[in-house]
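2 protein chains.
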Amino acid sequence: MWPQQIFTEFNRVRARQKAVKVIGVDHGNISLLKHGLIPDIAVGDYDSLNAAERAMLLENVQDVRFAVPEKDFTDSEMGLATALFDLNSKDVVVIGATGGRLDHFLVNLLCVLNERLRPVADRITMVDQQNLIRFFNPGKWSIDRLKEYKYLAFVNLTPVAHFQIADAKYQLADFSSNYPVSFASNEFVKDEVNFSFTKGVVAVIYSRD
Amino acid sequence: MWPQQIFTEFNRVRARQKAVKVIGVDHGNISLLKHGLIPDIAVGDYDSLNAAERAMLLENVQDVRFAVPEKDFTDSEMGLATALFDLNSKDVVVIGATGGRLDHFLVNLLCVLNERLRPVADRITMVDQQNLIRFFNPGKWSIDRLKEYKYLAFVNLTPVAHFQIADAKYQLADFSSNYPVSFASNEFVKDEVNFSFTKGVVAVIYSRD
Numbered sequence: 001m002w003p004q005q006i007f008t009e010f011n012r013v014r015a016r017q018k019a020v021k022v023i024g025v026d027h028g029n030i031s032l033l034k035h036g037l038i039p040d041i042a043v044g045d046y047d048s049l050n051a052a053e054r055a056m057l058l059e060n061v062q063d064v065r066f067a068v069p070e071k072d073f074t075d076s077e078m079g080l081a082t083a084l085f086d087l088n089s090k091d092v093v094v095i096g097a098t099g100g101r102l103d104h105f106l107v108n109l110l111c112v113l114n115e116r117l118r119p120v121a122d123r124i125t126m127v128d129q130q131n132l133i134r135f136f137n138p139g140k141w142s143i144d145r146l147k148e149y150k151y152l153a154f155v156n157l158t159p160v161a162h163f164q165i166a167d168a169k170y171q172l173a174d175f176s177s178n179y180p181v182s183f184a185s186n187e188f189v190k191d192e193v194n195f196s197f198t199k200g201v202v203a204v205i206y207s208r209d
Numbered sequence: 001m002w003p004q005q006i007f008t009e010f011n012r013v014r015a016r017q018k019a020v021k022v023i024g025v026d027h028g029n030i031s032l033l034k035h036g037l038i039p040d041i042a043v044g045d046y047d048s049l050n051a052a053e054r055a056m057l058l059e060n061v062q063d064v065r066f067a068v069p070e071k072d073f074t075d076s077e078m079g080l081a082t083a084l085f086d087l088n089s090k091d092v093v094v095i096g097a098t099g100g101r102l103d104h105f106l107v108n109l110l111c112v113l114n115e116r117l118r119p120v121a122d123r124i125t126m127v128d129q130q131n132l133i134r135f136f137n138p139g140k141w142s143i144d145r146l147k148e149y150k151y152l153a154f155v156n157l158t159p160v161a162h163f164q165i166a167d168a169k170y171q172l173a174d175f176s177s178n179y180p181v182s183f184a185s186n187e188f189v190k191d192e193v194n195f196s197f198t199k200g201v202v203a204v205i206y207s208r209d
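So the sequences go chain by chain: A and B. The first sequence begins at 1 in the numbering used here and counts up one residue at a time. The second sequence begins at 1 in the numbering used here and counts up one residue at a time.
No lab work stands behind these hints, which were simulated from the structure alone. Just to be clear, a hint being listed does not mean it is correct.
Which copy is meant is left open, so a pair is good if it fits within one copy or across any two.
To be verified - Heads up, simulated SDA-like pairs for lysine to any residue below, C-alpha to C-alpha not over 25 Å straight-line: (1) Lys190 <-> Arg101; (2) Lys199 <-> Leu132; (3) Lys199 <-> Val181; (4) Lys199 <-> Glu115; (5) Lys90 <-> Lys147; (6) Lys150 <-> Asn50; (7) Lys150 <-> Leu132; (8) Lys150 <-> Gly100; (9) Lys147 <-> Arg54; (10) Lys150 <-> Asn88; (11) Lys169 <-> Asp45; (12) Lys199 <-> Asn178; (13) Lys190 <-> Leu37; (14) Lys190 <-> Ile41; (15) Lys140 <-> Gln129; (16) Lys147 <-> Ile38; (17) Lys169 <-> Phe7; (18) Lys190 <-> Asp47; (19) Lys34 <-> Ala161; (20) Lys199 <-> His162; (21) Lys34 <-> Asp209.
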C-alpha cells in the first residue's frame, strides 16, 4: 500500500472514532513520522532502521518499545498485542499490512491465528484502499453491508467445520474442510449476511474493484 | 499487479523458455489482447466482459473455452487445469494473480490446494514484480537461490507435520501446526536451502523489497 493512501485510510478511521491511539510497527514508524503523524507507541526491533532513522524515532516518539526477539511474536503481532492487551482496545484497525511483499502480507493476515491473539481476533480489522478484512471465531455471526464495498468473500484460514452462509447472493449449505479455501465474489442482497461455523477461524473480506 | 509489469514478467518467462503457450483467464484475456498478446487459449465464464470485449475475444482468440460454472473449479483453477492436464505443461507460470483484491489473490494462492490440482502443485509458479511463489507437497526438497530475490519465506498453507528447514539463515528444527503460519524474511546462506515435511502443502515465497 502506498503511503498517501495509508494516510487517507487513517484519516477515515480517525474521523469515525474519537480516541484513536497510533501504534507504529518497526519501519512503519518512520513512514508515519515522515508524514507528520507521531505514533503514541512505537514497537519493533528496528533492525531495518539506519542511524538517522533511529535518532528520529527516539527524538519524536515518547513511548518506544524494543521488541525482544521472541519466538512466539513477530513485530506485527507485538503491535497487535500492545493494542489489544496493553491498551485494551476494543477495535484495532491495521493499515499498511497488505501489498508489496506477499510473505509480509501473509505474516499479517495469519498472525490472528497466533494462540494468544486468536481469542480476540474479532477486535481486529485490516484495511487498505480496496479491502477491509475482519476475523471470526466459531459461532453464529451477522455482518452488515458496508456501502463502499461491492464484494464479500469468506476464507477459512484454518480447517473449518459446518460453515454455513445465509442471506447472501451465494449461499453455503454446510461446508467442512481440512484446508483453507477462498470463497470470493459473493455479495450482500439484504443489509446483513448471516454465517456460522463450529470450528476454525474465518476471515471476511469486503472488497471493491 | 499493473499491466505493464505483467508483460515485463511475461517476456522474462518467454526469454527463458522455448515453447510458451499463453492461457488467458476471463477478463485477463482482454488485458492481454489490449497489450497485443494473443492468448492461445481463453478460459472463463466471461461474465465480467461487456459486449464489445466479448466480440474482441471471439474475433482474436482461436480457442475460446467457456467454463461451465462448476462447483469444484474457479476460473483460475480452470486455467491451471487446462495448462496442467490438457497441455500437460511441466512448468506453469501464473502472472497477474496477485495484487488488488485480496480475496482474488487468496483464491489464486489457495487454488493449488484443490484436490485435483494439489498432486501437481510443484509444477505451478506464481510471479509478480516483487514475489515468486512455488508450492510443495510432502517430501525432502532442495531449492536454489535466485539472485534477483533477497528474501525467502515458507508458509504452510494447510496443517503441516515435521517441517524442517536446513542451510538457511534461520533454521526450523521440527515444526508441526494445525493452522497456517508465514515464516518470512529468511535468506539463503548457501546456493541451496533444504527443507522437508511429512504432511501438508508448503508455499515457498522468494521476494525482494
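Here is how each hint holds up against the structure:
For the homomeric pair Lys190 and Arg101, the shortest alpha-carbon distance between copies (22 Å) is at most 25 Å, but the shortest distance inside one copy (36 Å) is not. Taking the closest pair of Cα atoms, Lys199 and Leu132 come within 25 Å of each other only inside a single copy of the chain (23 Å); across copies the shortest separation is 32 Å, beyond that limit. Proximity of Lys199 and Val181 under a CA criterion of 25 Å is satisfied in both settings, with 14 Å inside one chain copy and 18 Å between copies. In this assembly of identical chains, the alpha carbons of Lys199 and Glu115 lie at most 25 Å apart whether taken from the same copy (14 Å) or from different copies (21 Å).
In this homomeric assembly, Lys90 and Lys147 come within 25 Å of each other (Cα to Cα) only inside a single copy, at 23 Å, whereas the closest approach across copies is 44 Å. In this homomeric assembly, Lys150 and Asn50 come within 25 Å of each other (Cα to Cα) only across copies, at 19 Å, whereas the closest approach inside a single copy is 42 Å. Taking identical chains as interchangeable, the C-alpha atoms of Lys150 and Leu132 lie at most 25 Å apart only when both belong to the same chain, with a minimum of 11 Å there against 30 Å between chains. Proximity of Lys150 and Gly100 under a CA criterion of 25 Å is satisfied in both settings, with 24 Å inside one chain copy and 14 Å between copies.
For the homomeric pair Lys147 and Arg54, neither the shortest alpha-carbon distance inside one copy (41 Å) nor that between copies (30 Å) is at most 25 Å. Taking the shortest alpha-carbon separations for Lys150 and Asn88, neither the intra-copy value of 32 Å nor the inter-copy value of 37 Å comes in at or below 25 Å. Taking identical chains as interchangeable, the C-alpha atoms of Lys169 and Asp45 lie at most 25 Å apart only when they sit on different chains, with a minimum of 18 Å there against 45 Å within one chain. Taking the shortest alpha-carbon separations for Lys199 and Asn178, both the intra-copy value of 11 Å and the inter-copy value of 12 Å come in at or below 25 Å.
For the homomeric pair Lys190 and Leu37, neither the shortest alpha-carbon distance inside one copy (39 Å) nor that between copies (41 Å) is at most 25 Å. Taking the shortest Cα distances, Lys190 and Ile41 never come within 25 Å of each other, neither inside one copy (40 Å) nor across copies (38 Å). Within a single copy, Lys140 and Gln129 get their C-alpha atoms no closer than 29 Å, and across copies no closer than 40 Å, so neither meets the 25 Å cut-off. Proximity of Lys147 to Ile38 under the C-alpha cut-off of 25 Å is found in neither arrangement, the shortest distances being 31 Å within a copy and 38 Å between copies.
Within a single copy, Lys169 and Phe7 get their C-alpha atoms no closer than 33 Å, and across copies no closer than 35 Å, so neither meets the 25 Å cut-off. Only between protomers do Lys190 and Asp47 lie at most 25 Å apart by alpha-carbon distance; the minimum there is 23 Å, versus 48 Å within a single protomer. Taking the closest pair of Cα atoms, Lys34 and Ala161 never come within 25 Å of each other, the shortest separation being 46 Å inside a single copy and 44 Å across copies. In this homomeric assembly, Lys199 and His162 come within 25 Å of each other (Cα to Cα) both inside a single copy, at 8 Å, and across copies, at 24 Å.
Taking CA atoms no more than 25 Å apart as the test, Lys34 paired with Asp209 passes between copies only; the shortest distance there is 19 Å, against 29 Å inside one copy.
Comparing the model with each numbered hint stated earlier shows that hints 9, 10, 13, 14, 15, 16, 17 and 19 do not hold.
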